[in-house]
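Listed below, chain by chain, are the residues.
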Amino acid sequence: MLQGLKVTTKRSIMTQTEQAGKKPAAKKPVAKKTVAAKAKAAPTVTAAPAPAPKPAGKPAGKKKSGLAFPFTAIVGQEEMKLSLILNIIDPRIGGVLVMGHRGTGKSTTVRALAEVLPLIDRVQGDTYNRTVEEFVEGEELKKGQKALDPASLKIEKIPVPVVDLPLGATEDRVCGTIDIEQALTSGVKAFEPGLLAQANRGFLYIDEVNLLDDHLVDVLLDVAASGKNVVEREGISIRHPARFVLVGSGNPEEGELRPQLLDRFGLHARIITILDVAKRVDIVKRRREFDEDPDAFMKKYNREQLKLQKKIQTAKDLLPQVTMDDTVLTDIARLCMNLGIDGHRGELTITRTAHAHAAFLGQTVVTMKHVKDIAGLCLRHRLRKDPLETLDAGEKIDRELAKVLGEAEAV
Amino acid sequence: MIAFTDIVGMDLAKQALMLLAVDSELGGVVIPSAVGSGKSTLARAFADILPEGTPFVELPLNVTEDRLIGGVDLEATLASGVRVVQHGVLSKAHGGVLYVDSLSLLDSSAVSHIMDAISRGEVLVEREGLSEVHPAKFMLVGTYDPTDGEVRMGLLDRIGIIVPFTANNDYRARKKIVSTVLGERDPEDTRDELKMLSGIIQAAKEQLHHVSITKEQMQALVQTALSLGVEGNRADIFTVRAALASAALAQRTDVEEEDMKLAIKLVLIPRATRMPEREQEAEDLPPQEEPPPDEEPEAEDEEAPADTPDADAEEEQEEKPDMLEELMMDAIETELPDNILNISLASKKKAKSGSRGEALNNKRGRFVRAQPGEMRSGKVALIPTLISAAPWQETRKNDKKMAGRPKTALIITKDDVKIKRFRDKSGTLFIFMVDASGSMALNRMRQAKGAVASLLQNAYVHRDQVALISFRGKQAQVLLPPSQSVDRAKRELDVLPTGGGTPLASALFLGWETAKQARTKGITQIMFVMITDGRGNMGLQAAYDPNAEKASKEQIEQEVESLSLSIQADGIAAIVIDTQMNYLSRGEAPKLAQKLGGRYFYLPNAKADQIVEAALSF
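The listed protein sequences derive, respectively, from chains E and R. Just so we're aligned, residue 101 is where the first sequence starts under this note's numbering, counting upward by one. Just so we're aligned, residue 77 is where the second sequence starts under this note's numbering, counting upward by one.
Among these hints, one or two may not hold up.
[Said to hold, decoys possible] Heads up, simulated DSS-like pairs for lysine-lysine below, C-alpha to C-alpha not over 25 Å straight-line:
hint	chain 1	residue 1	chain 2	residue 2
1	E	Lys385	R	Lys473
2	E	Lys289	R	Lys291
3	R	Lys496	R	Lys626
4	E	Lys400	R	Lys291
5	E	Lys379	R	Lys337
6	R	Lys597	R	Lys626
Just so you know, the hints here were simulated from the structure itself, not pulled from any lab data.
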């Protein structure tokens with residue numbers, strides 16, 4: 101899709117977050133100064149004829165200058181949309197890899213996600229977006245101090261963060277590094293959290309993920325496996341939680357994805373060009389309408405956006421009550437076994453995804469129907485590759501599914 | 077500097093640029109054209125018809141990531157002691173034009189960054205401690221010579237207009253170009269013409285808001301895109317925009333036929349992946365046939381209700397006169413070049429054998445960025461090291477721990493050290509040349525397919541790339557330019573026809589050209605993997621001249637020989653895999669291997685894995 105968004109002054113979610121974080125909550129070690137506070141002291145200067153002079157500053161904050169196309173206005177591509185929604189409902193599913201044709205709205209859809217995300221709790225101003233428990237634990241560890249009373253902490257609600265990792269990012273910005281401004285102005289070695297910190301408990305999005313530099317892939321694999329980011333540099337040692345839903349998109353024709361990284365993604369959504377004329381005309385119309393007047397367009401979809409947001413939140417609340425019969429689990433195991441899938445990540449992903457799917461449909465019992473809907477998403481990238489195989493992954497999964505279902509019915 | 081209005085010929089390219097001047101949301105114009113056609117002159121003259129003061133930034137091919145995206149300004153940082161941000165080329169082009177000459181030679185990481193900037197309209201700078209967003213909404217104007225190689229599809233897809241390739245320039249037009257260069261024109265005429273044109277464009281920009289397009293017209297455009305097999309939705313959006321801009325230029329309020337034809341010519345046809353089906357075929361073409369063979373059937377299932385046009389839409393389509401679509405099809409038929417399906421426009425060049433023995437480019441790829449590292453683990457990147465040390469000087473000088481150190485101008489610690497990182501091109505390019513002639517063809521194809529696919533499976537780890545050339549009939553053909561994509565290789569092989577003569581020399585020549593192109597992009601290790609019986613029976617001449625006399629056996633042998641020597645002299649490794657049954661073989665394949673200075677493998681009924689093993693073991 102066309103991405104020519106008009107520059108407007110709408111504040112992004114992250115900005116609100118940082119605004120809210122102006123006042124440090126508890127007594128804070130220097131390394132934890134909030135971004136907003138730092139921005140005041142930061143002496144970064146913008147040289148060169150900048151089209152729009154920027155106030156000094158850092159980060160996290162002023163991401164995004166345009167309005168994102170509304171999620172609910174995106175035509176078709178249900179598979180991708182469903183994958184993303186299920187990951188919001190249960191982040192443990194492990195992310196989505198969206199691969200497919202060029203110009204089919206992959207990145208538009210992911211960037212639209214921010215608007216329908218629910219809220220999470222964090223200690224006010226915590227740049228690592230930690231839960232209260234994590235915060236308490238982390239701070240005590242650091243200071244050697246005891247008894248940080250959770251009740252004394254101010255809690256705030258922020259929308260689930262969506263962080264964009266651009267291909268040209270350097271390692272220090274991804275992992276975080278020493279804050280030079282701090283060092284210069286106050287002579288203190290302070291840690292400046294990177295994108296991984298911002299993405300904690302949220303989404304980390306990489307467009308053209310198959311083109312990402314190898315050393316960044318290594319970093320991501322490392323952090324994704326441990327859920328922690330560790331930085332040792334210039335006499336500072338930082339360790340903070342970095343659990344995020346990894347979302348990647350790309351076009352397979354541009355290059356292959358490294359197998360280890362492929363394995364990290366819980367779901368794999370495939371995108372193909374829509375072949376229905378009426379739908380495509382509709383896409384062109386909506387896009388034009390949006391480009392003409394983004395605000396009016398957003399308003400038009402406001403109700404649907406809110407409705408979806410609520411539906412997701414309801415599903416999230418319902419999720420703990422969703423149950424699954426052992427027979428369904430057996431069928432899932434049999435399916436994975438018949439397909440020759442290594443390890444148990446396949447079963448685990450199907451189970452979690454099926455739960456989330458049931459919750460999204462407002463149901464509390466997982467059936468094989470739910471499994472059937474999402475099995476392709478969960479398994480497609482886990483099948484062993486056989487270069488001479490002509491049957492493609494989806495067909496194979498469907499065939500085995502039918503077998504398992506047939507058996508199940510016979511029993 | 078030659079003015080826009082003084083340039084003769086290239087009318088379509090001019091029209092394209094005017095449309096872009098009217099609607100910058102078209103994203104850009106790409107002009108593929110032969111050397112010396114004046115394409116870069118035209119592109120630079122584009123500034124003439126834009127409002128005064130519009131930025132026009134030319135991107136140097138050797139641009140570093142730093143300069144492209146932006147980063148720390150060393151001079152200013154050292155001078156002031158605080159970090160100073162320098163905007164990159166992409167953000168300097170904001171609100172104006174980014175011009176790239178020789179677009180196809182641009183480094184692939186630079187291409188990725190440009191793609192990213194286009195799709196966001198801004199640049200995210202997340203480097204060297206900086207985290208900023210710089211606006212970067214620009215029109216991309218790119219020119220390139222297709223014989224240098226192709227531009228990445230991902231980038232082309234994001235650019236609205238691609239001017240159809242014109243190889244032969246009209247001789248008279250060129251003569252006029254020359255006379256313009258010599259200054260035969262009255263500068264006053266030029267000035268007035270430019271003024272008029274600028275006025276027309278300004279008026280069209282205002283008119284653009286008042287132009288409307290009917291639903292039927294949109295449907296016709298989309299239908300055309302569908303029948304040409306255009307991928308994705310961007311092209312639909314661009315076509316509609318181009319048609320509107322064209323109508324605006326003509327000061328109309330409605331889109332007319334000619335606008336749509338122009339839009340199809342400039343937006344859809346260059347993106348075509350197949351010939352349109354003729355009417356009735358087109359109509360009852362089942363949607364299942366449309367997606368490429370490797371698509372998920374499951375995805376289709378889900379999309380099924382969408383793919384079969386629902387009853388409403390169908391009725392609607394039948395109701396309205398088929399006139400429009402008929403018309404569109406006519407427009408296409410007259411515009412489609414013969415080789416529309418042969419996406420590679422490249423390599424129709426004559427052979428030159430003089431360039432042998434040129435020193436190999438032994439740089440290990442191109443320096444792209446610096447990253448923290450141990451002093452001895454690589455080449456130290458001096459400037460980035462200084463940049464990271466600079467802001468600390470004040471603090472360190474006051475640091476007691478540093479007291480004992482000699483008074484140097486700069487205090488650099490090991491944390492500052494940055495190591496140079498090169499774009500890793502150390503992998504090998506395997507150029508598969510598969511003999512698709514004669515009766516063994518089907519069998520060989522299957523083996524080649526398997527071998528290519530398994531090589532690609534490992535490609536990511538080894539950073540290898542694969543190109544695919546098939547030869548049959550009169551000439552060889554690049555099926556897949558150097559790539560790491562399994563999907564594409566498979567797809568290309570799936571549809572490959574077989575049978576006919578064996579144009580071995582043509583294959584060698586094409587392989588050599590491909591190798592040379594790869595060299596310019598920093599790939600140094602290249603290997604030919606030839607799957608053939610080595611019995612060429614077509615002359616090189618036949619590939620380019622349909623009326624050429626049939627070459628004699630000696631002639632063919634000589635061609636193969638001299639090409640082989642050149643290839644060998646260029647340091648290209650080769651293996652020849654013979655799949656011919658033993659009793660039929662007359663020893664041609666071993667001879668070919670010898671000429672190429674490569675190795676010969678005799679693998680009748682070779683399994684894919686064996687071919688891969690042979691290639692990797694070498």
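We went through each hint and held it up to the structure:
1. Straight-line distance between C-alpha atoms of lysine 385/E and lysine 473/R comes to about 63 Å, which puts the hinted pair past the 25 Å bound.
2. This hinted pair does not check out: lysine 289/E and lysine 291/R have alpha carbons roughly 62 Å apart, beyond 25 Å.
3. A threshold of 25 Å between alpha carbons decides the hint, and for lysine 496/R with lysine 626/R the separation of about 55 Å lies outside it, so the pair is violated.
4. With a CA separation close to 21 Å, the supplied pair lysine 400/E and lysine 291/R stays within the 25 Å bound.
5. At roughly 22 Å between alpha-carbon atoms, lysine 379/E and lysine 337/R fall within 25 Å of each other, so this suggested pair holds.
6. Among the hinted pairs, lysine 597/R with lysine 626/R is inconsistent with the structure: their alpha-carbon atoms are about 37 Å apart, more than 25 Å.
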